[in-house]
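Student: Assembly of the complex is requested from the two constituent chains, each provided in isolation within its own frame, with the hints serving as guidance.
For the protein sequence lines, the chains are A and B, in the order given. First residue of the first sequence? That's 262 in the numbering used here, and the numbers climb one at a time after it. First residue of the second sequence? That's 7 in the numbering used here, and the numbers climb one at a time after it.
Hints were generated in silico from the structure; no laboratory data involved. The beta carbon of each residue, even a glycine, is placed where N, CA and C say it ideally should be. A couple of the hints might just be wrong.
[Said to hold, decoys possible] Footprint (simulated), chain A over chain B, 3 or more residues, beta carbon under 8 Å:
{"#": "1", "stretch": "85 to 99"}
{"#": "2", "stretch": "121 to 128"}
[As the list claims (entries may be wrong)] Covered stretches of chain A, as calculated for chain B (at least 3 residues, CB under 8 Å):
{"#": "3", "stretch": "270 to 281"}
{"#": "4", "stretch": "284 to 296"}
{"#": "5", "stretch": "299 to 312"}
{"#": "6", "stretch": "323 to 334"}
{"#": "7", "stretch": "337 to 344"}
So you can see what is in the structure, the chains are spelled out below.
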Amino acid sequence: MEAQAKANILHDIVRKMGAGGAEITTEGWLDFVEAQNDGFKTGLAIGEKIPDFTLPDQRGAMRSWRDLTGPSGLLLVFSRSAGW
Amino acid sequence: MKAQGINAASITYDAREVLSAFSSAYKIEYPMLSDVGSKVIRAFGIFNTNIPPDHAFYGVPWPGEYLVAPDGTVRDKVFLPSYEHRASATEVIFRNCGVDNTGHGVEIKTTVVDASVTLSSDRCFAGQELGIALDLNVKPGWHLYGKPLPSNYRPTELVLSGPLVDHLTLELPAPQTKLMKALDETLPIYEGKVRAVGKLAIKWSPPIPAPFLLKIGPAIEADAHKIAGALRYQACSETVCEAPEEIRFELPLTIEKGVPSAPKPG
Chain A
262 MEAQAKANIL HDIVRKMGAG GAEITTEGWL DFVEAQNDGF KTGLAIGEKI PDFTLPDQRG
322 AMRSWRDLTG PSGLLLVFSR SAGW
Chain B
7 MKAQGINAAS ITYDAREVLS AFSSAYKIEY PMLSDVGSKV IRAFGIFNTN IPPDHAFYGV
67 PWPGEYLVAP DGTVRDKVFL PSYEHRASAT EVIFRNCGVD NTGHGVEIKT TVVDASVTLS
127 SDRCFAGQEL GIALDLNVKP GWHLYGKPLP SNYRPTELVL SGPLVDHLTL ELPAPQTKLM
187 KALDETLPIY EGKVRAVGKL AIKWSPPIPA PFLLKIGPAI EADAHKIAGA LRYQACSETV
247 CEAPEEIRFE LPLTIEKGVP SAPKPG
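Isolated chain B (complex conformation) (with noise of 0.2 Å):
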């Protein structure tokens, strides 16, 4: 982020000591934000109305963040559904900032096409979201598929799967549409480089050890994991078409250990 000029903060409701005590324990280096009262969690206007005001978690947002510009605009912003779940920050910096050189992915080479599969983090916690990408480069002369297509092709298609994936959401772009005069045909294709960006969701896992949580599902370990990955395409040039492919690949996510609450302040 530093890299990219953008720096970061942290809001929360909490007293200056609560955030003194955290960030020494943690060391963090950016600020933490103290909004006794959530004036400003108000303001933005994510103030969780759900919560009754004798309650001691009374003032606290729906947790998400946002991207603002240097002229004050929100320029991105991710909120999820569940505040069991967050964005890595790494996937709005990915999204906003580019993908290229992050260093975590994969890379696929076939005689046709040239892909990789990039994340926007190596690590990160059970029930976060991450920032995705999917290059292709296509060799010359030829081509793969997109949607909608006739069923006797196979349309490019990335896949992953296996206990850490909650779900993937990445479109690619638009194909291009091309007639291929040997079959008459008008076909959706991509030619040359493509890129797609979206977001890979880990599956939630209880943080702590407890009883009641362990209906919900199995633990993810905190450890270095494989994500089972396809990539899916057929190759054609103007005179050939080669069977469908499905070139399967791994890719390494590391999920961190939970934190233990904050220390107390004092």
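So here's chain A without its partners, still in its complex pose (with noise of 0.2 Å):
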């Protein structure tokens, strides 16, 4: 898909769907799920190193990998949004 067809989708559903989402079809929906799983990566690899980072947490606590993990090793979720 072409990366201006994928942009135009993807502005155009979260339009509709802050009018309340009534003009949203089937077929944009799936077009809309679509454009962004088009290409979909999933990063590292097995048994490679991941980068170093500290992040802060929800309380505002700076937070590496190093400090995060257990004896045995550390879930780390990627997802998309906790805010939507």
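Tutor: Structure (structure tokens):
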């Protein structure tokens, strides 16, 4: 799918959602899902080292993955958003 | 996970205030990390490049999870082709830390084989993927069959069906080959204990009532469900072959109600 076509689909559906969603069609929704899934990547391979990082948590404390890991490891879940 | 010594954390592109509001509303105890600007999301190689920079979603990842070993290497990961489908955290734990004692499954006992079918969780959301295990304990003197197999025998197979099942991926381990002296035939067989671990993907269903989503398929109700299952096999000994069997069972699974959008911070 061409980048501009994907951008148009993504803007269109979010605009329609903002207006209550009544104008959204099933086909439009499926295109919206496909535009976001297109060429999906799964990132680091099994066996690769993760990059060092430190990020604030929900309480504002700075956390590095080294602090976060348990004795047998860390399940790191990447989600789209907790805000919408 | 705690019992296995594994901690959990989430990463999103949200501001800390958004995470704080979500965390309070849903009583989240694990660390929710704020990756504003998506630097870490990019460093993991999962920045969703389909989203244009002037869009509200700009910065989200293709969602998924990594199981990271204490030395910082990726031990396992689960990413599904559509963001509408997510793996249950229990799947990756089940696959890496063993399947004993989850207690979520069914036991099947016959005169020739004891079997159990175990799920990584007894509850999930529509569209999630769970871990599943099939354990067989074939009684001494008997064997079951693997593949490839002449058409006059039935290979061992687990089948799950019904409106909840999107797909089941479960491959049995490679069978042994054995010369059946009475038949003068070499066949792939299973004896003793056999374990197969795989994935059960549950069908996606609209999390919110929306007229435009109804055409996609019937909604899966948040409720206690039962998945119809069948274990197919044929048991033989050196001297006797029983007729092909199909043992039917029901696998309980609760589909949870989708949660509403997070409250606005403040």
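Student: Now tell me if each hint is right for this structure.
Tutor: Here is what the structure says about each hint:
1. Check result for the stretch 85 to 99 of chain B against chain A: holds, 8 residues qualifying (beta carbon to beta carbon below 8 Å, three or more required).
2. A count of 0 residues in the stretch 121 to 128 of chain B with a Cβ less than 8 Å from any Cβ of chain A is obtained; the coverage claim is therefore unmet, three being the minimum.
3. Remark: the stretch 270 to 281 of chain A is confirmed as covered by chain B, as 3 of its residues place a Cβ nearer than 8 Å to a Cβ of that chain, reaching the required three.
4. Look at the stretch 284 to 296 of chain A against chain B: 8 of its residues bring a Cβ nearer than 8 Å to a Cβ of that chain, three or more, so the hint holds.
5. Three residues within the 8 Å Cβ limit are the bar, and the stretch 299 to 312 of chain A against chain B gives 14, so the coverage statement holds.
6. Check on the stretch 323 to 334 of chain A: 9 of its residues sit with their Cβ under 8 Å from a Cβ of chain B, so the three-residue criterion for coverage holds.
7. Check result for the stretch 337 to 344 of chain A against chain B: holds, 8 residues qualifying (beta carbon to beta carbon below 8 Å, three or more required).
Hint compliance for this structure: hint 2 alone is broken.
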